[in-house]
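Assemble the whole structure, with the sequences as input and the hints as a guide.
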Amino acid sequence: MDRRDSLKTLLIGGIGATGLTIGVAGCKEGGQPVVDTEINKGLYGRTASEKEHDARIKANGPFFSESDLSLIAVLCDLILPATATAGSATDAEVPAFIDFIVQDLPYHQIPIQGGLMWLNGESNKRFNKIFESCTDSQQKQILDDIAFPSTEKTAQYDAGRKFFGRFRNLVLTGYYTTKMGIDDVGYVGNRANLWDGVPDDVLDKHGLSYDKSMEGKYVNHDTRNTQAEWDEKGNLIT
Amino acid sequence: MQIKENTDQYDAIIVGSGAGGGMAANILANNGLKVAIVEAGGYFDPKDPKTMTQMKWPWESPRRGASTNRAFGDFDMSWGDWEVDGEPYTKKKGTDFRWWRSRMLGGRTNHWGRISLRFGPKDFKHKDVDGLGENWPISYEEVKPFYDRLDKMIGIAGTNEGLPNDPDGFFLPPPKPRLHELYYTKGARKSGIPVIPARISILTKRINKDRGVCFYCGQCNRSCNAYADFSSGSCLIFPAMKSGQIDLYTDCMVKNVTTDSEGKATGVSYINKEDMMEYEMKAKVVVLGASACSSARILLNSKSKQHPNGLGNSSDHVGRYLHDSTGSGLSGFIPALMDRKKYNEDGTGALHVYSPWWGDNKKLDFARGYHIEMWGGLGMPAYGFGGQATQMNEYIGKQVGGYGDSLREDVKRFYGSTIGIVGRGESIAMYDNRCEIDPDQVDRFGIPILRFDYKWSDQERNQAKHMVDTFEEIIHNMGGTVMGEKPGKENDFGLLAPGQIIHEVGTTRMGNDPKTSVTNKYQQLHDAKNVFIVDAGPFTSQADKNCTWTILALSMRTSEYIVDQLKKQNI
Numbered sequence: 022m023d024r025r026d027s028l029k030t031l032l033i034g035g036i037g038a039t040g041l042t043i044g045v046a047g048c049k050e051g052g053q054p055v056v057d058t059e060i061n062k063g064l065y066g067r068t069a070s071e072k073e074h075d076a077r078i079k080a081n082g083p084f085f086s087e088s089d090l091s092l093i094a095v096l097c098d099l100i101l102p103a104t105a106t107a108g109s110a111t112d113a114e115v116p117a118f119i120d121f122i123v124q125d126l127p128y129h130q131i132p133i134q135g136g137l138m139w140l141n142g143e144s145n146k147r148f149n150k151i152f153e154s155c156t157d158s159q160q161k162q163i164l165d166d167i168a169f170p171s172t173e174k175t176a177q178y179d180a181g182r183k184f185f186g187r188f189r190n191l192v193l194t195g196y197y198t199t200k201m202g203i204d205d206v207g208y209v210g211n212r213a214n215l216w217d218g219v220p221d222d223v224l225d226k227h228g229l230s231y232d233k234s235m236e237g238k239y240v241n242h243d244t245r246n247t248q249a250e251w252d253e254k255g256n257l258i259t
Numbered sequence: 091m092q093i094k095e096n097t098d099q100y101d102a103i104i105v106g107s108g109a110g111g112g113m114a115a116n117i118l119a120n121n122g123l124k125v126a127i128v129e130a131g132g133y134f135d136p137k138d139p140k141t142m143t144q145m146k147w148p149w150e151s152p153r154r155g156a157s158t159n160r161a162f163g164d165f166d167m168s169w170g171d172w173e174v175d176g177e178p179y180t181k182k183k184g185t186d187f188r189w190w191r192s193r194m195l196g197g198r199t200n201h202w203g204r205i206s207l208r209f210g211p212k213d214f215k216h217k218d219v220d221g222l223g224e225n226w227p228i229s230y231e232e233v234k235p236f237y238d239r240l241d242k243m244i245g246i247a248g249t250n251e252g253l254p255n256d257p258d259g260f261f262l263p264p265p266k267p268r269l270h271e272l273y274y275t276k277g278a279r280k281s282g283i284p285v286i287p288a289r290i291s292i293l294t295k296r297i298n299k300d301r302g303v304c305f306y307c308g309q310c311n312r313s314c315n316a317y318a319d320f321s322s323g324s325c326l327i328f329p330a331m332k333s334g335q336i337d338l339y340t341d342c343m344v345k346n347v348t349t350d351s352e353g354k355a356t357g358v359s360y361i362n363k364e365d366m367m368e369y370e371m372k373a374k375v376v377v378l379g380a381s382a383c384s385s386a387r388i389l390l391n392s393k394s395k396q397h398p399n400g401l402g403n404s405s406d407h408v409g410r411y412l413h414d415s416t417g418s419g420l421s422g423f424i425p426a427l428m429d430r431k432k433y434n435e436d437g438t439g440a441l442h443v444y445s446p447w448w449g450d451n452k453k454l455d456f457a458r459g460y461h462i463e464m465w466g467g468l469g470m471p472a473y474g475f476g477g478q479a480t481q482m483n484e485y486i487g488k489q490v491g492g493y494g495d496s497l498r499e500d501v502k503r504f505y506g507s508t509i510g511i512v513g514r515g516e517s518i519a520m521y522d523n524r525c526e527i528d529p530d531q532v533d534r535f536g537i538p539i540l541r542f543d544y545k546w547s548d549q550e551r552n553q554a555k556h557m558v559d560t561f562e563e564i565i566h567n568m569g570g571t572v573m574g575e576k577p578g579k580e581n582d583f584g585l586l587a588p589g590q591i592i593h594e595v596g597t598t599r600m601g602n603d604p605k606t607s608v609t610n611k612y613q614q615l616h617d618a619k620n621v622f623i624v625d626a627g628p629f630t631s632q633a634d635k636n637c638t639w640t641i642l643a644l645s646m647r648t649s650e651y652i653v654d655q656l657k658k659q660n661i
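Protein chains in written order, with this note's numbering: chain A, 22 to 259; chain B, 91 to 661.
These are computed hints drawn from the structure, not numbers from a lab.
Computed beta-carbon distance windows for the label pairs: (1) 132/B / 207/A: 35 to 43 Å; (2) 127/A / 569/B: 38 to 46 Å; (3) 221/A / 654/B: 50 to 58 Å; (4) 576/B / 179/A: 20 to 28 Å.
Since the structure is predicted, the reported quantities are computational estimates derived from the model, not experimental observations.
In this text, a Cβ means the ideal position worked out from N, Cα and C, and glycines have one as well.
Now the structure itself:
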């Protein structure tokens with residue numbers, strides 16, 4: 022196939038694909054998006070090289086050993102245990118996220134692996150057991166020494182503290198980027214809606230209001246689908 | 091390697107499909123010209139579910155949106171960033187220039203901030219005001235009709251304010267400010283800084299049948315599948331393709347402009363990334379819209395007997411006067427925004443208010459100004475979320491650190507209580523700040539690459555100092571605390587490296603004198619009258635605005651000039 026033919030095919034392919042998708046990801050009257058979730062399932066808009074990157078990590082299997090993963094799970098749930106209304110970090114599959122992210126961002130690997138070793142070393146020293154076999158109160162005794170800023174008295178735990186700061190951040194990110202975490206923190210966006218300003222009760226609480234001079238100038242959603250027209254001075258007349 | 095000839099003869103070849111190239115394609119095709127668009131990246135349509143990231147949840151990415159593969163995160167709609175595989179660039183010693191390249195149809199317009207600020211009368215003649223830099227060969231009055239048409243054609247929300255250097259236009263109604271924006275408004279006005287509705291190319295109201303209206307997901311950086319924000323592909327190129335006048339060549343990397351024995355352009359030479367073969371394509375007119383630096387590179391790589399110093403470079407000005415916007419910023423913690431009631435405040439994907447430049451430079455130790463942008467609110471969590479959660483206790487005199495239920499409470503308490511305030515300002519275009527061909531290196535297509543040589547001056551450093559002092563005051567006015575160290579002299583007051591604001595302009599500047607400029611006032615090469623540049627290369631100076639709206643207006647003006655000149659057989 023010569024260049025022109027191959028190009029024409031490519032173009033037709035491209036345009037054809039576009040035409041096809043209008044049906045599934047098109048726009049209803051009013052600009053409301055309709056996204057066919059079946060088609061999008063498992064996709065998050067990756068390019069070919071990005072898909073390869075993800076596939077490579079997946080093919081590797083778990084990075085951490087079984088015992089490390091088991092310790093990670095214990096630590097995850099000490100950091101974010103379940104509450105009356107929300108699941109724990111392991112309920113949100115945070116250990117699997119941590120196993121992925123250390124392969125995706127390899128600079129996390131040694132600090133996390135080393136930190137887990139540090140933790141077991143510390144529990145062996147104190148209680149003659151690995152961290153996972155310690156009682157809840159023994160585990161918390163160690164965490165209390167590494168979960169807060171360094172002081173003169175506790176400087177010997179700085180290595181553990183460094184590890185815990187990093188690990189806690191990964192747990193928080195891993196948890197609050199799941200549906201469970203998003204529901205817990207109360208984010209209610211990422212859906213089609215008509216933004217019409219801060220709710221009145223919130224404005225009142227903060228002692229704020231919208232400028233009187235802007236009255237009638239902000240978006241009026243009732244006329245959002247009316248074609249915009251202006252007079253010659255730039256005043257919107259529709 | 092044998093160079094293959096593409097036998098189609100076009101009226102115009104347009105190199106690049108971003109703001110400048112998209113507008114040129116739209117105007118030329120709708121005026122009946124046969125057009126080829128040659129884009130170095132792949133085909134992209136914001137509607138295509140295979141590539142779409144809009145409305146995705148963080149958990150749909152196994153890395154939760156981290157920036158491993160895309161510098162601005164997994165969901166940002168830019169293929170290519172500070173680094174592009176196989177296409178390096180180099181820097182001279184002492185230079186830290188960053189160059190963002192999107193390799194996709196629509197280019198960087200797919201992910202940009204949509205802040206669309208017209209230049210004002212002063213911006214075109216700033217040398218008259220302070221004696222620095224150079225005046226443009228055109229005035230605001232000459233560009234105004236094109237800005238006016240652009241507002242109606244593409245759509246822009248905002249308000250007419252009657253400001254002298256931030257001209258009125260034809261605006262769609264602006265969205266109401268969000269809570270942090272109301273706080274910002276109050277805080278800034280307390281210091282006498284004006285705050286007005288942002289001017290953003292987002293459709294808050296219908297402008298035509300081809301495009302939808304904003305549905306307030308706050309994700310313009312992911313490129314809108316309803317075409318409710320301005321992206322070059324969805325708003326300019328796709329509608330123009332209905333004319334049947336456009337052939338689209340994606341994944342084709344232009345190497346150089348070809349010229350004849352009289353020095354006139356005959357077309358372009360390009361590498362097709364699919365078969366890695368080189369092709370030549372012919373046209374009456376070549377329109378470069380590859381981005382300021384890429385177009386300069388193409389010209390510098392177009393050496394011939396007639397143009398021994400590169401095409402359009404008899405003045406040795408191609409690549410010179412490269413300048414980016416200045417940028418610095420601060421983050422603040424606002425106690426009044428703790429323990430917020432939760433509601434959906436995604437709003438548009440851009441800011442809803444901003445501060446145009448208000449200062450009087452006669453009383454300041456720097457020339458030119460900056461505008462202020464801000465961010466904040468109850469945003470969608472992504473990689474990095476929660477990182478500050480326990481640290482924030484420091485600002486309210488509580489114990490930092492912890493785990494368990496107290497940690498969970500911290501995350502919820504502080505969610506939405508931070509604000510970022512950033513300045514985007516005008517730097518002075520300098521002869522010595524430039525990109526040039528690196529004599530030692532080629533990219534993977536065998537094309538000589540660019541080397542950057544760029545240093546800020548005290549003008550920009552003093553401006554950055556003014557920014558952070560101002561932002562600190564605003565944060566205090568909001569009852570807040572600056573988070574982290576306020577940048578000082580030792581780190582240039584937080585002044586970002588040139589290129590980082592991604593407003594690079596000036597490499598093929600326009601002027602009346604062919605000895606000190608590359609193009610005339612129609613963005614036409616002084617040295618070859620059938621070559622035009624429609625990206626930000628011809629900007630004589632950047633303003634304290636953003637460049638996109640002016641790229642579009644000038645590309646419209648140049649494209650109509652091309653149609654006229656072809657009709658008159660002048661080119």
